[in-house]
Amino acid sequence: METTIANSNFKSEEYFINMGPQHPATHGVLRLLLTIDGEIIKKVEPDLGYIHRSIEKMCERDSYQQIVHLTDRMDYLSSHINNEAVCLTVENALQLEIPDRVKVIRTIIGELTRIASHTLWWGVMGMDVGALTTYFYGFRDREMINDIFEETCGARLTMNYNIPGGLMFDIHPNFVKRTKDFIKHFKTKLPEYDTLLTGNVIFQKRMKGVGILSKEDAISFGASGPVGRGSGYSCDVRKHHPYSAYDKVSFNEVLRTEGDTFARYSVRIQEMWESMAIIEQLIDNIPEGDHQVATNAVIKLPKGEYYERVETARGELGVYIISTGTKNPYRLKFRSPGFSNLSLLNHIAVGGKIGDLVASMATLDLVIPDIDR
Amino acid sequence: MIGMTNEELQKIINSWFPSSISTTKVTEVSVENEISETKEPESTNGLEFTEEGSQFLNITVQPELLYQLMSQLKNNKETHFDYLFCLSGVDWEITLGVVYHLESTDHRHIVVVKVHTEDRENPTFDSVYDIWSTAEFHEREVFDFFGIKFNNHPNLKRLFLTDEWDGYPLRKDYVDEINMVIK
Numbered sequence: 001m002e003t004t005i006a007n008s009n010f011k012s013e014e015y016f017i018n019m020g021p022q023h024p025a026t027h028g029v030l031r032l033l034l035t036i037d038g039e040i041i042k043k044v045e046p047d048l049g050y051i052h053r054s055i056e057k058m059c060e061r062d063s064y065q066q067i068v069h070l071t072d073r074m075d076y077l078s079s080h081i082n083n084e085a086v087c088l089t090v091e092n093a094l095q096l097e098i099p100d101r102v103k104v105i106r107t108i109i110g111e112l113t114r115i116a117s118h119t120l121w122w123g124v125m126g127m128d129v130g131a132l133t134t135y136f137y138g139f140r141d142r143e144m145i146n147d148i149f150e151e152t153c154g155a156r157l158t159m160n161y162n163i164p165g166g167l168m169f170d171i172h173p174n175f176v177k178r179t180k181d182f183i184k185h186f187k188t189k190l191p192e193y194d195t196l197l198t199g200n201v202i203f204q205k206r207m208k209g210v211g212i213l214s215k216e217d218a219i220s221f222g223a224s225g226p227v228g229r230g231s232g233y234s235c236d237v238r239k240h241h242p243y244s245a246y247d248k249v250s251f252n253e254v255l256r257t258e259g260d261t262f263a264r265y266s267v268r269i270q271e272m273w274e275s276m277a278i279i280e281q282l283i284d285n286i287p288e289g290d291h292q293v294a295t296n297a298v299i300k301l302p303k304g305e306y307y308e309r310v311e312t313a314r315g316e317l318g319v320y321i322i323s324t325g326t327k328n329p330y331r332l333k334f335r336s337p338g339f340s341n342l343s344l345l346n347h348i349a350v351g352g353k354i355g356d357l358v359a360s361m362a363t364l365d366l367v368i369p370d371i372d373r
Numbered sequence: 374m375i376g377m378t379n380e381e382l383q384k385i386i387n388s389w390f391p392s393s394i395s396t397t398k399v400t401e402v403s404v405e406n407e408i409s410e411t412k413e414p415e416s417t418n419g420l421e422f423t424e425e426g427s428q429f430l431n432i433t434v435q436p437e438l439l440y441q442l443m444s445q446l447k448n449n450k451e452t453h454f455d456y457l458f459c460l461s462g463v464d465w466e467i468t469l470g471v472v473y474h475l476e477s478t479d480h481r482h483i484v485v486v487k488v489h490t491e492d493r494e495n496p497t498f499d500s501v502y503d504i505w506s507t508a509e510f511h512e513r514e515v516f517d518f519f520g521i522k523f524n525n526h527p528n529l530k531r532l533f534l535t536d537e538w539d540g541y542p543l544r545k546d547y548v549d550e551i552n553m554v555i556k
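Line by line, the protein sequences give chains Z and F. In this text, residue positions in the first sequence follow this note's numbering: the first is 1, and each later residue adds one. In this text, residue positions in the second sequence follow this note's numbering: the first is 374, and each later residue adds one.
Misleading hints may appear alongside valid ones.
Unchecked claim - Pair by pair, the computed Cβ-Cβ distance ranges are: (1) F:Glu421 - Z:Gly38: 49 to 59 Å; (2) F:Asn528 - Z:Gly38: 19 to 29 Å; (3) F:Phe429 - Z:Ala294: 22 to 32 Å; (4) Z:Phe16 - F:Asn524: 22 to 32 Å; (5) F:Asp503 - Z:Asp37: 48 to 58 Å; (6) Z:Ala294 - F:Asn528: 44 to 54 Å; (7) Z:Pro21 - F:Asp503: 29 to 39 Å; (8) F:Val548 - Z:Glu97: 35 to 45 Å; (9) F:Glu550 - Z:Tyr50: 17 to 27 Å; (10) Z:His69 - F:Phe429: 34 to 44 Å; (11) F:Thr468 - Z:Gln66: 27 to 37 Å.
These aren't lab readings, by the way, just hints derived from the structure by calculation. Glycine included, C-beta positions come from ideal geometry on N, C-alpha and C.
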């Protein structure tokens, strides 16, 4: 009987399905047009623009202080680092000497942001592949970081703590103690992440050998952040083009060579340990001094072109400013990590199953407003 | 910074393009400024180098040489620019153009390539998607917002905006009286 079914007139046909724009695994309004044959993916075509706000056009009419605020709304989980990118570009263009205190505080908060982003990613990624508990673990630990931010910056998510020339205000007196408390707490909790999920056999079978990206392709597609490093591509901006206090701390660039979803997963877990190591080196040695240097109320950049890059939780964020010497940029381009990382989704998903696509997408760690700038 | 200095880069890139006078260059110069045509016609190999007003070496290339230059930059072992880290469209009021930021992941040197055209009705350059895969998406973004077309692009259509959208929003002469707040 089996042979008759196999030899019968069933023909597999390719057809389209929509994934999103409202879908739990897309983490925002991203629509994927999937061409599938049975459950095998033939093509993934992203349809973007559901929340495009044209931030680059808005920047052309805004002052440099105002632009900083818009960058929060791109990759909202790396808001502090996004702010820093614009501030660094403006400061370098004006050749401002930034106090060491500012550099150290920016680095500490940047690394706290990275941990907060990675814990949230870990929570929702576990949920994507069917492990609901991770969501609560992740949010529990992230909450402590958000409380620290709230006390110092006044905001939990869109922080606006950086301004061109330094920080908006000095750190809260509790900041050092609370950060240390968090590190102490998180050092006991991060191993639980491994016990709960990393070592789980079902999880590993779901992740290993899925969504493989070679090093050559990673470079060609402009992958950055943990996506690139999971393929053995050394792309950490903090190492190659150090900014703020990253040249003063020692940390390892986490590299894995497998290039599959599990490698990208492991890179992020290991990066949280590295982030804690960076914070520990700096937290007791915050230099005394001013928290900002005076800038003109109206900032005008000299005529020319400026490019700065930072390492957000998702990868390399580039800010390209063309100035004609006025108070607004003539053209401002954000090279966002999510946009380039999304472009390789088709490449790693073709030939796999829809379930594998969910796992692959989870380890690309897409934040949609970062793609739809 | 290891890798080649800007002077070394300029020297090697110039050596790929012998200064045969490309006819289009001369006619373009003669339209703009008739004196410069008679003065220095021998130096036109289609490339212009400058470091002024930028932290990188900038190369302005004639559109017809773009693809040839780009594939050399990527494939030549000494330059080996394998990482296209930024691709931006720019509207310079009179001309429209594209700026490519390139880095080599083993030599760690950086170069910026610029190309532009005065044709605002039908601006077209060669696509570099087969040299760097990331260009496929970035070129679609530039097409969407600047209306710049790319020859040989496999899937050149609107990326963020709808197909029936009128105009190209990041152009300087774009007008939208309802949604744009002009100060």
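*Of the hints given before, which are not true for this structure?*
5, 10
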